[in-house]
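Protein chains: 2
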Amino acid sequence: MEKATRQQLKKQNRDLVLKIFFETAQISRAEIARMTGLTRTTVSDIVADLVSEGLVNEVGIGVSTGGKSPILLSLVEDAHTIIGLDLAYNQFRGAVVDLRGQIRNVISLPVSDTTGSQAIEAALGILDQLVSSEKDSLIGIGVGTPGLINSEDGVVVTAVNLQWKSLPLGKILSERYKLPVIVLNDCQAAAMGEFKFGETLPASRNMIVVRAGHGIGAGVIIDGKIFQGDGGSAGEIGHVVMLKDGGQLCRCGKTGCLETLASVRAVVQSAQNRLENGETTCLKISDLPITVDRMVEAYQARDRMVVEIIDEAGKFLGGAIAILVSTLNIHHIILMGEMTRFGDRWLDVVYQTMMKSTLPHQGRDTHLHTGTLRDNDVILGASALLAGNYALLMRQPSP
Amino acid sequence: MEKATRQQLKKQNRDLVLKIFFETAQISRAEIARMTGLTRTTVSDIVADLVSEGLVNEVGIGVSTGGKSPILLSLVEDAHTIIGLDLAYNQFRGAVVDLRGQIRNVISLPVSDTTGSQAIEAALGILDQLVSSEKDSLIGIGVGTPGLINSEDGVVVTAVNLQWKSLPLGKILSERYKLPVIVLNDCQAAAMGEFKFGETLPASRNMIVVRAGHGIGAGVIIDGKIFQGDGGSAGEIGHVVMLKDGGQLCRCGKTGCLETLASVRAVVQSAQNRLENGETTCLKISDLPITVDRMVEAYQARDRMVVEIIDEAGKFLGGAIAILVSTLNIHHIILMGEMTRFGDRWLDVVYQTMMKSTLPHQGRDTHLHTGTLRDNDVILGASALLAGNYALLMRQPSP
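Protein chains in written order, with our numbering: chain B, 3 to 401; chain R, 3 to 401.
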């Protein structure tokens, strides 16, 4: 057996033991051995590691079943916190989260024109404050950011809005704070947040979260884990070409991408253009630049032009979701992001289009909801990954 | 810990031990215990089960490292065979396959107009012959069939070509032959076949197989397993709407589905229509009905009309594959089915369209090949599932 396989086995056994700690209040080493079929020695070695990492501690003495009374161990959940950081389009938002997803502290910062090294400074500013407030209990930092991320190496390959390219964000943060760091795509983080802490629980361990805001992207949960694909960017539906001919130029260089048709940016731009072209609408030239608030008002007031724009956007999003339903046949789909502010009518347009564009049995069994975590989805997801993805807890901070 | 979890652990340990048998020529119980970290008792219990199932046997005595000389065990691979059955559009094809994917015996039957109970009879005819020839070594039957399949219950929910609806095929076969049976979608089976036995090995444990023949479908392998989605029909790309307006009516009731644009059926139909409308082409009215052979010839001869039809079909398929690349970001994609007979030029059209319709980093890292197993993909995949999916070996035949 090769070395890689041995290490996999070691990790697998560790995960198994840690899982039992997450699921039980108190337990002895002997009981763990009995439950897992692992040897006492293997279990003791794993437990010793977990104790030395501060994740598990001895909490009492159990009842003897003949020999020496067993020592009971337990997960040290309250003593551990994680920082979740959401580097969203218009604001950076950081918070301290405990192992069960309770948020203790939130710092947010508007960043509409902050890019490059300024954006790094802004992120560090938030983290400095959060880290100093939580020094002793922190076990790691989880960062969700738009763009293409190499989570394995903690590198932001490209994040267009922030003008980051090949930025070793994970290394920068782990060196500065001496903590394990996870960096991942914000939609993927949001999906994990909804999966772990959202109100609507999927029947299976699969789920898709589609975020339609300034950009559009999805996070795919398969068997309870984020599915990133081979290149890290699974769920990148914003750049699926939905209009074969005559679509608008996208920031990616193609035309007709979903983002140019169904995002907040797209609908605001479309409203502005049509207003400036003199179309009849309750929006006024004095409203320029048009805000989402103003669009939502006009949509609720059934302004003909705005209804056309938003319903059209909903149809394109529904068509894209139909593609996800056809290819993945995952029954539980959550919609998030600023477009959800257009409410039930918009959601219904999305749903009806999805139904029309899938096979009957696929559409019928698909549940489409809006998410419940709102602003905290990315923060909770990024921190849940650090708490739940036991493998990543093994990463040691740089010396 | 709940009962379910205990059983999961038991299965996990069994899988681990069986995996070691698949990977090593000969091994002792003590060595397995050392490699897995499981107790000697746990290992001995598992090995006893495997021996009593005839999957493993004692083959010799190893060198002592101090105490008693260890007994060496090995997988009994030659003594076990599986029947793979491919219920394809125009022919049913069954074969006997050993645990390493060697095909021993093939029976095929043309079935172009065979549907309903006649189709069941045809399948049973093939199986009767194969079962009687291999009686003692058979450990199961794997069936790949077009349509929507509930693999868990072995039910063909719908198979339009065969006019099967809610057919308990798994039950029918397991009762008749007293063997474990797996029934699954043919594209999903083909994907497993290519993954296990194809020449081009993916770098990761993810792969997509797209079959473009009479119909179009895909099989998605994630982490070495077939991903069926929550409803069993993941990979159903044939009915993704690729033409928003003015597409042809599909047999599913929608218009503009990929199948109506890029399948063998679609290109043959298109050629016939255009020929009958008097378009200039090397095809002749006397060629009607047009065969795929004739289309391939005409394509190779660069017949303008046929080139237009096939390249257009290739573009739509490329667009659909771009969607798979964007949503799943799996780097290894295999093309199979009758459309691959149009060769490298068609493949290049598919590839170029895929590249144009994905983000640069996603397209660049995607490898698109044609499959190598040809007619045996479904048979090998369905049988590999029985051999490789150890959980299913535990299913007992009906008494």
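Simulated from the structure, these hints should not be mistaken for laboratory data.
Glycine included, every Cβ here is placed at the ideal spot set by N, Cα and C.
Be aware that a few hints might be false.
Unchecked claim - PhoX-like mimics (lysine-lysine), calculated; alpha carbons at most 25 Å apart, straight line:
id: 1; chain 1: R; residue 1: LYS21; chain 2: B; residue 2: LYS21
id: 2; chain 1: R; residue 1: LYS246; chain 2: B; residue 2: LYS358
id: 3; chain 1: B; residue 1: LYS12; chain 2: R; residue 2: LYS21
id: 4; chain 1: R; residue 1: LYS246; chain 2: B; residue 2: LYS246
id: 5; chain 1: R; residue 1: LYS227; chain 2: B; residue 2: LYS12
id: 6; chain 1: R; residue 1: LYS21; chain 2: B; residue 2: LYS13
id: 7; chain 1: R; residue 1: LYS358; chain 2: B; residue 2: LYS227
id: 8; chain 1: R; residue 1: LYS12; chain 2: B; residue 2: LYS13
id: 9; chain 1: B; residue 1: LYS246; chain 2: R; residue 2: LYS13
id: 10; chain 1: R; residue 1: LYS198; chain 2: B; residue 2: LYS358
id: 11; chain 1: R; residue 1: LYS21; chain 2: R; residue 2: LYS198
id: 12; chain 1: R; residue 1: LYS227; chain 2: B; residue 2: LYS227
id: 13; chain 1: R; residue 1: LYS227; chain 2: B; residue 2: LYS21
id: 14; chain 1: B; residue 1: LYS12; chain 2: R; residue 2: LYS13
id: 15; chain 1: B; residue 1: LYS246; chain 2: R; residue 2: LYS358
id: 16; chain 1: B; residue 1: LYS13; chain 2: R; residue 2: LYS13
id: 17; chain 1: B; residue 1: LYS21; chain 2: R; residue 2: LYS13
id: 18; chain 1: B; residue 1: LYS167; chain 2: R; residue 2: LYS358
id: 19; chain 1: B; residue 1: LYS358; chain 2: B; residue 2: LYS246
id: 20; chain 1: B; residue 1: LYS198; chain 2: R; residue 2: LYS198
id: 21; chain 1: B; residue 1: LYS12; chain 2: R; residue 2: LYS358
id: 22; chain 1: R; residue 1: LYS13; chain 2: R; residue 2: LYS246
id: 23; chain 1: R; residue 1: LYS167; chain 2: B; residue 2: LYS358
id: 24; chain 1: B; residue 1: LYS227; chain 2: R; residue 2: LYS13
id: 25; chain 1: B; residue 1: LYS137; chain 2: B; residue 2: LYS173
id: 26; chain 1: R; residue 1: LYS12; chain 2: B; residue 2: LYS227
id: 27; chain 1: B; residue 1: LYS13; chain 2: R; residue 2: LYS227
Claimed, not checked - So these bits of chain R aren't anywhere near chain B, every CB distance computed over 12 Å:
id: 28; residue: PRO112
id: 29; residue: SER114
id: 30; residue: HIS216
id: 31; residue: GLN250
id: 32; residue: VAL327
Would you check the hint for LYS198 of chain B and LYS198 of chain R, treating anything up to 25 Å between C-alpha atoms as holding? 34 Å, violated
For LYS21 of chain R and LYS13 of chain B, compute the direct alpha-carbon distance and say whether it is at most 25 Å. 17 Å, holds
Holds or violated: LYS246 of chain R and LYS246 of chain B, Cα atoms, limit 25 Å. 9 Å, holds
Take the C-alpha atoms of LYS167 of chain R and LYS358 of chain B, compute the straight-line distance between them, and say whether it is at most 25 Å. 22 Å, holds
Given pair status - LYS13 of chain R, LYS246 of chain B, alpha carbons within 25 Å: 49 Å, violated
Holds or violated: LYS13 of chain B to LYS13 of chain R, with C-alpha atoms at most 25 Å apart: Between LYS13 of chain B and LYS13 of chain R the Cα gap is close to 18 Å, so the pair holds against 25 Å.
Is the straight-line distance between the alpha-carbon of LYS167 of chain B and that of LYS358 of chain R 25 Å or less? Holds, at roughly 22 Å.
Proposed proximity, LYS12 of chain B with LYS227 of chain R (alpha carbon, max 25 Å): Between LYS227 of chain R and LYS12 of chain B the Cα gap is close to 22 Å, so the pair holds against 25 Å.
Does the structure keep LYS227 of chain B and LYS13 of chain R at a Cα separation of 25 Å or less? 21 Å, holds
Looking at PRO112 of chain R again, its CB stays over 12 Å from all of chain B? Holds, because the least Cβ-Cβ distance between PRO112 of chain R and chain B comes to about 29 Å, which exceeds 12 Å.
What's the verdict on LYS227 of chain R and LYS227 of chain B, does the C-alpha distance respect the 25 Å limit or exceed it? 15 Å, holds
Within 25 Å, alpha carbon to alpha carbon, are LYS198 of chain R and LYS358 of chain B? 36 Å, violated
Checked against the numbered hints above, the structure breaks hints 7, 9, 10, 20, 21, 22, 32 and satisfies the rest.
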